[in-house]
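The whole structure should be built from the sequences, with the hints applied where relevant.
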Amino acid sequence: MDKLIFYLGAATFGGGVFLFLYEGIMYIMNDEWYQRTLIFLVDHGPESLIAQVEASPGLANALDSCPLFLALILLGMLLLFVGSRLGTRYSG
Numbered sequence: 003m004d005k006l007i008f009y010l011g012a013a014t015f016g017g018g019v020f021l022f023l024y025e026g027i028m029y030i031m032n033d034e035w036y037q038r039t040l041i042f043l044v045d046h047g048p049e050s051l052i053a054q055v056e057a058s059p060g061l062a063n064a065l066d067s068c069p070l071f072l073a074l075i076l077l078g079m080l081l082l083f084v085g086s087r088l089g090t091r092y093s094g
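Just so we're aligned, residue 3 is where the sequence shown starts under my numbering, counting upward by one.
In case anyone wonders, no lab produced these hints; they're calculated from the structure. There may be inaccurate statements among the hints.
[As the list claims (entries may be wrong)] Label-pair restraints from in silico Cβ distances: (1) D33 to S86: 37 to 43 Å; (2) Y92 to E34: 44 to 50 Å; (3) L76 to L6: 17 to 23 Å; (4) I30 to S58: 32 to 38 Å; (5) A57 to M31: 36 to 42 Å; (6) A12 to Y92: 15 to 21 Å; (7) F83 to Y24: 21 to 27 Å.
[To be verified] Straight-line Cα separation of at most 25 Å, SDA-like style, residue types lysine to any residue; simulated pairs: (8) K5 to L76; (9) K5 to R87; (10) K5 to L82; (11) K5 to L77.
Beta carbons are placed, not taken as given, at the ideal position from N, Cα and C, and that holds for glycine.
So this is what it looks like as structure tokens:
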């Protein structure tokens, strides 16, 4: 279980870095920065989640101001930390 969480964290961290690189390459190609935010995930999720977020304008503004690549990198770092702590705790 600890290795699964660790590798999931590495994949999430890598996904955040590659998303940042992708956005940078698209900026170089098109000379326009299109930043994906957390609201991008909500918009492509279930309708019930969209309705709950739209009911709270503060939450919608917070999700719209947080870059997706940064959230992925932070989540990946958290999962890497938890996975490494679980690995050292149960290694015997």
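Worksheet item: Is it true that the C-beta distance of L76 to L6 lies inside 17 to 23 Å, as the hint says?
Response: holds, 19 Å
Worksheet item: Measuring from beta carbon to beta carbon, are A57 and M31 in 36 to 42 Å?
Response: At 38 Å between Cβs, range holds.
Worksheet item: Do the Cβ positions of I30 and S58 conform to the proposed distance bound of 32 to 38 Å?
Response: holds, 36 Å
Worksheet item: Is it true that D33 and S86 lie within 37 to 43 Å of each other by Cβ?
Response: With a Cβ separation near 41 Å, D33 and S86 satisfy 37 to 43 Å, so the hint holds.
Worksheet item: Taking 25 Å as the top limit, are the C-alpha atoms of K5 and L77 close enough?
Response: holds, 16 Å
Item to complete: Mind checking the alpha carbons of K5 and L82 for me, to see if they're no more than 25 Å apart?
Response: Given pair K5, L82 holds - Cα atoms ~9 Å apart, limit 25 Å.
Worksheet item: Does the hinted range 44 to 50 Å hold for Y92 and E34 at CB?
Response: holds, 49 Å
Worksheet item: Does the alpha-carbon distance linking K5 and R87 stay inside the 25 Å limit?
Response: holds, 11 Å
Discussion item. Is 21 to 27 Å respected by the C-beta to C-beta distance linking F83 and Y24?
Written reply: Taking Cβ atoms as reference, F83 and Y24 lie about 25 Å apart, which means the hint holds.
Discussion item. Range first: 15 to 21 Å. Now tell me if the beta carbons of A12 and Y92 are that far apart.
Written reply: holds, 19 Å
Discussion item. For a C-alpha distance cap of 25 Å, please report whether K5 and L76 respect it.
Written reply: holds, 18 Å
The structure meets every hint from the earlier list without exception.
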